[in-house]
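Asker: Chains as they are written, first to last, in my numbering: chain D, -1 to 286; chain E, 8 to 341; chain H, 208 to 462.
Please keep in mind that the hints were generated in silico from the structure rather than gathered at the bench. Just so you know, these numbers come straight off a predicted model, no measurement behind them. One should not assume that every hint holds.
[Stated by the list, open to error] Listed next, the in silico BS3-like pairs over lysine-lysine satisfying Cα-Cα at most 25 Å (straight line):
1) D:K10 x E:K199
2) E:K13 x E:K126
3) E:K148 x D:K277
4) E:K267 x D:K277
5) E:K231 x E:K243
6) E:K231 x E:K130
7) E:K151 x H:K318
8) E:K171 x E:K148
9) E:K267 x E:K192
10) E:K231 x E:K192
11) H:K423 x H:K384
12) E:K242 x E:K316
13) E:K171 x E:K242
14) E:K133 x D:K10
15) E:K171 x E:K13
16) E:K171 x D:K10
17) E:K303 x D:K10
18) E:K151 x E:K243
19) E:K133 x E:K148
20) E:K192 x E:K171
21) E:K151 x D:K6
22) E:K316 x E:K299
23) E:K89 x D:K277
24) D:K6 x E:K199
25) E:K133 x E:K171
26) E:K89 x E:K151
27) E:K126 x E:K171
28) D:K6 x E:K126
29) E:K316 x E:K303
30) E:K231 x E:K133
31) E:K171 x E:K151
32) E:K13 x E:K133
33) E:K242 x E:K267
34) D:K10 x E:K299
35) D:K10 x E:K242
36) E:K126 x E:K243
37) E:K148 x E:K130
38) E:K130 x E:K199
39) E:K242 x E:K199
40) D:K211 x H:K318
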Amino acid sequence: MAVTDTLKRSAKVVRSAAWLGWQLESNWADPAIFAIITIIRPLASLLIIIFMFRFALGASASADLLNFFFIGNTVYLFVYNVLFGISQVIFEDREHYEVIKYIYISPVNWYLYFIGRGFARLIIAGVSCVVSIVAGLIFLPLKFNMTAAAVPVFAFSFLLGIVSIFFMGIIMCALTLVMARHGNMMSESISGIFFILCGIIYPISALPVWLQKISTAIPISYWLEISRRLILNTDQTIDAAWHGVSTADLVYRLGFSTAVLFAFSVVFFYYMSMLARAKGIIDRTTSY
Amino acid sequence: MAIAIKTNDLSRTFSDDGEKKGGLFWALRDVNIEIPDGMIFGLLGPNGAGKTTLIKILSTLLLPSAGEALVAGYNVDNEYDKIRPVINMVSGGENCGYGILTVAENLWMFTQFYGIPTKPAMKRIKELLEIMNLTEKADTKINKLSTGMRQKMNFIRGFVTDPKILFLDEPTLGLDVNAARETRKFVMNWVKTAEEPKTVILTTHYMQEADEMCDRLAIIDHGKILAEDTPRSLKKQESGGISYNITVGYKDFDAEGLRKIPGVASFAHSVLDEQGMIEMVFILQTDAALAKIIEKINSDGFSINNIQKTEFTLEDAFIKLVGRRLSNGESDAR
Amino acid sequence: MRIIGVNREPSWLIFELFFPLLPICAFAFVYKSMNAPTDYLGFVILGGAMTAIWMNVLWGMAAQFFWERESGNLTLYMLCPMSTMAVLIGMAFGSAFSTFFRVIITFLIGKFLFGVTLHVASYFWLFVTFILTIAAVFSLGMMMASFFLIYGRDAWNILTVFMEPVFFMSGFYFPVKTLGYPLGALASLIPITLGLDSMRQLAFALGPETAFLPVKTEVAILVVLTVVYLAGAKYLLNKLEYLGRREGRLTLRWQ
Ligand SMILES: Nc1ncnc2c1ncn2[C@@H]1O[C@H](COP(=O)(O)OP(=O)(O)O)[C@@H](O)[C@H]1O
Ligand SMILES: [Mg+2]
């Protein structure tokens, strides 16, 4: 009984936080701007890649390369939106809305609150993803051939990927809590680092060897490679860094690292919020 | 009667890297208070006295450096999850809230953090908006509200979760006279008419507010509690003398010299800029001291503008304890 | 005149230098993965360095404006629009230090991480185009800063939305010629576009092959752009001052 009660309450917190997140994201003075941002951004990044191809390779761009780029870029929409979105929550609540101390002293489970806020970004990422896929299928010679048998694995790994992004977002929230205005810059830097390291628009094997070692330890990299293999129905992609690693192995790695991230994010968030409480900086706003 | 709040030698330091490296600044020092259920307890003190720091510790926003604080019987250090459901806090003079949500939506959002079902939450929000004359703004986005109205909304936010213990940190700061009066009335009424005992801890640096609202009062300065009692007995206890208010019409008058005159129990002064005058408040042990004061002023070559024997107020009690005035133009007598 | 400007804390400076380098590296790796000529990597490095400067000016100026407003200084500056410009130019010099550092670091990365080599045709013209590009960027920055102040958060949002499309068009990632002439002409309104194109022509062996317009034509257009944006900035600042006087406000609340 108590368990279902707790679950119900938790679901309510997530739901209302998601509602709040959605209002904050979408409720701009002009809804047209909101529509544009979910459409223009992914299209622009797609265009950039297409023109880079055109410039560097002319007509000789191989379908393999194109598929590789496209899938990476599309999946990264989730990473960018959700990770960046969640890590902004502390910053926004503290600096813009000045509500952070009132939320902190409420009995709300902050962890659930962040998850809820992240959902709004997940929806936006989903829309951007659909836009990107539609545009890609119309304008690019993409060849997707995922088998029906691969769908459950794909869905499972996708879910794991998203969940791991949520946990990473919470870790960044924890950091923002103890940093002043750099929090904002930091989360941008980190999503920039992932952009370089995780094999999003080029294979990890293009990186120097010492960077490859780091890249192949980040869950996002597993997620991307799994998605590519399953969508393209192949045992290996053009990314030589993963040659010799089976898809099942990648799924295990993703599952394991997500579990580790979960544990770490809980502990780390608890520790950082206590540190912030001890230092008296939870409601510290940046003064310029 | 149960105890709402109890502290034992509660202290809080901040590292003071502004002046000396490694130096410690004591924002609170060995604070011992005990607040029973069902009353309005005031913390009266000048800016920087440590009022907000104490409120932050009690509302689980800040950890103490030493000592112990119990809220509703639970330790703030590690039992905060039991404290949080029964408390709430409001700071005055703030512009908080989600700008693009309406007043009602903002308030509803916060009830969700406390797990209050939507129906009773909306009912309570409606009632509170009614009492605070904000009903017609319920569906207005708060970035379209004036600062005063936003503050009112924030004030309501504190009550909407029906806390057992409510912390109000200078709730009337920046409000106009009417709104401040409304607010005070509302708080007093809330405590008086509640079905179960409600406790309000109120900080203020307005004398009258403290006098009017509080059942008990602690006077705090430099992180220390200097006295704690009902406003009435504070006035009585400290009134070991006669209070005079003297105005001298010259700015470069050396007021500090008067402190040493025998018979002056306590003394504070402030410059009234517009009038080019100095206003002094004396608390004298005997009337005889007055003659010496007048004599000294005259012999210094200044003339007295106004002398008034005043009733002993909370402000006088404060001056006697703290050695300076609370409001306008604090002269640091220490 | 303001020299200290935005960058007061050293740790902040690290982020300022570090963050813009990330996309530069990412896109250099894209070319690397395509086995493109090293000069293409150089194009991205140069594009990234210039874009970073541009972003710094645009956002830095706008942000500074907000801070000045918070601290109440803005109303003082508003009394005379020319002095507002002086403040903005002062700020620009204030950020010159970090800008300079950033350019150096970017080129060091280009040289040592990606093995880019320069092949300068004319140092004189390279310098001229660089200075002109910066001038045009600053003029646009001033115009944007006043634009933000008048139209508040909506303006800010619109600009954020168009950031990627603008990056796409300005030639950060690939020479603007690839866009074709109509789009390229439109992109030329962004001052960084032609500046970059000229500098690539002047600094890289493969540069002339990818030229959009001849260097001298591009220089002439840059001069025109600078003048136009300066005039625009002046107009908007006047308007701002007018708004400030008439309505007693400088913008809507930032929330
Ligand atoms: N986070 C902090 N770091 C350093 N000093 C602080 C901090 N918070 C408060 N103080 C100092 O503690 C003292 C008491 O502050 P506060 O409790 O806000 O006073 P009050 O609310 O009575 O005006 C002040 O001198 C203030 O500067
Ligand atoms: Mg205070």
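Asker: All the hints need checking, so say for each whether the structure fits it.
Answerer: Quick rundown of the hints versus the structure:
1. D:K10 x E:K199: 33 Å, violated
2. E:K13 x E:K126: 35 Å, violated
3. E:K148 x D:K277: Outside the cut-off at roughly 34 Å; violated.
4. E:K267 x D:K277: 43 Å, violated
5. E:K231 x E:K243: Holds. K231 (chain E) to K243 (chain E) sits at ~21 Å (cutoff 25 Å).
6. E:K231 x E:K130: 42 Å, violated
7. E:K151 x H:K318: The hint is violated at about 54 Å.
8. E:K171 x E:K148: 29 Å, violated
9. E:K267 x E:K192: The hint is violated at about 43 Å.
10. E:K231 x E:K192: Between K231 (chain E) and K192 (chain E) the Cα gap is close to 29 Å, so the pair fails against 25 Å, i.e. violated.
11. H:K423 x H:K384: 16 Å, holds
12. E:K242 x E:K316: Satisfied, since the Cα-Cα distance of roughly 16 Å is no more than 25 Å.
13. E:K171 x E:K242: It is violated: about 30 Å lies between the C-alpha atoms, which goes past 25 Å.
14. E:K133 x D:K10: 21 Å, holds
15. E:K171 x E:K13: Holds, because 15 Å separates the two Cα atoms, which is no more than 25 Å.
16. E:K171 x D:K10: Distance of about 23 Å is within 25 Å: holds.
17. E:K303 x D:K10: 73 Å, violated
18. E:K151 x E:K243: Judged against 25 Å, a Cα distance of about 48 Å means the pair is violated.
19. E:K133 x E:K148: Holds, at roughly 16 Å.
20. E:K192 x E:K171: Within the cut-off at roughly 18 Å; holds.
21. E:K151 x D:K6: Judged against 25 Å, a Cα distance of about 35 Å means the pair is violated.
22. E:K316 x E:K299: 16 Å, holds
23. E:K89 x D:K277: Holds, because 22 Å separates the two Cα atoms, which is no more than 25 Å.
24. D:K6 x E:K199: With a Cα-Cα distance of about 35 Å, the restraint between K6 (chain D) and K199 (chain E) is violated, given a limit of 25 Å.
25. E:K133 x E:K171: 20 Å, holds
26. E:K89 x E:K151: At roughly 37 Å apart (the allowed maximum being 25 Å), K151 (chain E) and K89 (chain E) break the hint.
27. E:K126 x E:K171: OK: K126 (chain E) and K171 (chain E) at ~21 Å, within 25 Å.
28. D:K6 x E:K126: Holds: K6 (chain D) and K126 (chain E) sit about 16 Å apart, inside 25 Å.
29. E:K316 x E:K303: Between K316 (chain E) and K303 (chain E) the Cα gap is close to 18 Å, so the pair holds against 25 Å.
30. E:K231 x E:K133: Violated, at about 41 Å.
31. E:K171 x E:K151: Not OK: K171 (chain E) and K151 (chain E) at ~32 Å, beyond 25 Å, violated.
32. E:K13 x E:K133: With Cα atoms ~34 Å apart, K13 (chain E) and K133 (chain E) exceed 25 Å; violated.
33. E:K242 x E:K267: Satisfied, since the Cα-Cα distance of roughly 24 Å is no more than 25 Å.
34. D:K10 x E:K299: 73 Å, violated
35. D:K10 x E:K242: 51 Å, violated
36. E:K126 x E:K243: Status violated; Cα separation ~49 Å.
37. E:K148 x E:K130: OK: K148 (chain E) and K130 (chain E) at ~20 Å, within 25 Å.
38. E:K130 x E:K199: OK: K130 (chain E) and K199 (chain E) at ~21 Å, within 25 Å.
39. E:K242 x E:K199: 24 Å, holds
40. D:K211 x H:K318: Holds: K211 (chain D) and K318 (chain H) sit about 23 Å apart, inside 25 Å.
Checked against the numbered hints given earlier, the structure breaks hints 1, 2, 3, 4, 6, 7, 8, 9, 10, 13, 17, 18, 21, 24, 26, 30, 31, 32, 34, 35, 36 and satisfies all the rest.
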